[in-house]
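> Use these hints to put chain B onto chain A, whose structure you have.
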Amino acid sequence: DTAVSQTPKYLVTQMGNDKSIKCEQNLGHDTMYWYKQDSKKFLKIMFSYNNKELIINETVPNRFSPKSPDKAHLNLHINSLELGDSAVYFCASSPFGGLQETQYFGPGTRLLVL
Amino acid sequence: ILNVEQSPQSLHVQEGDSTNFTCSFPSSNFYALHWYRWETAKSPEALFVMTLNGDEKKKGRISATLNTKEGYSYLYIKGSQPEDSATYLCAPPAGGYNKLIFGAGTRLAVHP
Numbered sequence: 001d002t003a004v005s006q007t008p009k010y011l012v013t014q015m016g017n018d019k020s021i022k023c024e025q026n027l028g029h030d031t032m033y034w035y036k037q038d039s040k041k042f043l044k045i046m047f048s049y050n051n052k053e054l055i056i057n058e059t060v061p062n063r064f065s066p067k068s069p070d071k072a073h074l075n076l077h078i079n080s081l082e083l084g085d086s087a088v089y090f091c092a093s094s095p096f097g098g099l100q101e102t103q104y105f106g107p108g109t110r111l112l113v114l
Numbered sequence: 115i116l117n118v119e120q121s122p123q124s125l126h127v128q129e130g131d132s133t134n135f136t137c138s139f140p141s142s143n144f145y146a147l148h149w150y151r152w153e154t155a156k157s158p159e160a161l162f163v164m165t166l167n168g169d170e171k172k173k174g175r176i177s178a179t180l181n182t183k184e185g186y187s188y189l190y191i192k193g194s195q196p197e198d199s200a201t202y203l204c205a206p207p208a209g210g211y212n213k214l215i216f217g218a219g220t221r222l223a224v225h226p
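If you read the sequences in order, they're chains A and B.
Heads up, the first sequence is in this note's numbering, so the first residue is 1 and it goes up one at a time.
Heads up, the second sequence is in this note's numbering, so the first residue is 115 and it goes up one at a time.
Honestly, the hints are just simulated from the structure, not real lab data.
Among the hints, erroneous ones may be present.
[What the hints assert, rightly or not] Ranges of calculated distance between the beta carbons of each label pair, as one might list FRET restraints:
1) B:223 with A:20: 35 to 41 Å
2) A:95 with B:190: 26 to 32 Å
3) A:8 with B:130: 38 to 44 Å
4) A:7 with B:131: 37 to 43 Å
5) B:155 with A:52: 40 to 46 Å
6) A:59 with B:136: 27 to 33 Å
[Stated by the list, open to error] Quick list of in silico lysine-lysine cross-link-like pairs, PhoX-like style, CA-CA up to 20 Å:
7) B:213 with A:41
8) A:52 with B:156
9) B:156 with A:67
10) A:52 with A:41
11) B:213 with A:44
12) A:44 with B:156
Since the model is a prediction, treat every value here as computed from it, not as a measurement.
Heads up, the beta-carbon is just placed ideally off N, CA and C, and yes, glycines get one too.
The following block holds chain A by itself, in its conformation from the complex (with noise of 0.2 Å):
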């Protein structure tokens, strides 16, 4: 079983297009995480949330928007995309967000903005 999965795992897609990434995980975690990787391959923390509370929001454009139906799903939802989106995009989730907890990481979405 897949303890953190995404989809797609690819996206390929035209600048200005709306597009989703999912996330799931069935650890029963309370906490989820987004990162890109960037164009330098550094992973950065973009959003998290703690029991489908926003708890994280680093600056990140507004066309960037999460949504956590319920705690084990928190979904990206991206507007008018542009080329710097491209990137992967990985999906994590922890049992409570406390700093001492290991984060357990989804496969990632490349996504390709063209």
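Showing chain B alone in chain A's frame:
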């Protein structure tokens, strides 16, 4: 903003060699230090969570030490194998919530 530095950026070793790399982080307001292993085209995989000064943790041939007073952690791999080839990331949380601040990583290539 936390400044996390890892060195070297990349490392090429022969199978059987032992190797180590460094993660430097601010020593003030220390909460924890996470080590991850990241193989190309896969997801980052947790290795260790280091919490106490002087901590030493081991997982098979991989071990890590922690010095919170001076702000560094070492990762050691004994008898490197080709399957150890990966990027090794360290990440302290920024505080408050578990907002991991990842370093750029050390890319290890182990040649048969």
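> Compare the structure with each hint and give your call.
Tested hints:
no.: 1; hint: B:223 with A:20: 35 to 41 Å; in the structure: 36 Å, holds
no.: 2; hint: A:95 with B:190: 26 to 32 Å; in the structure: 28 Å, holds
no.: 3; hint: A:8 with B:130: 38 to 44 Å; in the structure: 41 Å, holds
no.: 4; hint: A:7 with B:131: 37 to 43 Å; in the structure: 40 Å, holds
no.: 5; hint: B:155 with A:52: 40 to 46 Å; in the structure: 31 Å, violated
no.: 6; hint: A:59 with B:136: 27 to 33 Å; in the structure: 29 Å, holds
no.: 7; hint: B:213 with A:41; in the structure: 18 Å, holds
no.: 8; hint: A:52 with B:156; in the structure: 27 Å, violated
no.: 9; hint: B:156 with A:67; in the structure: 25 Å, violated
no.: 10; hint: A:52 with A:41; in the structure: 29 Å, violated
no.: 11; hint: B:213 with A:44; in the structure: 9 Å, holds
no.: 12; hint: A:44 with B:156; in the structure: 17 Å, holds
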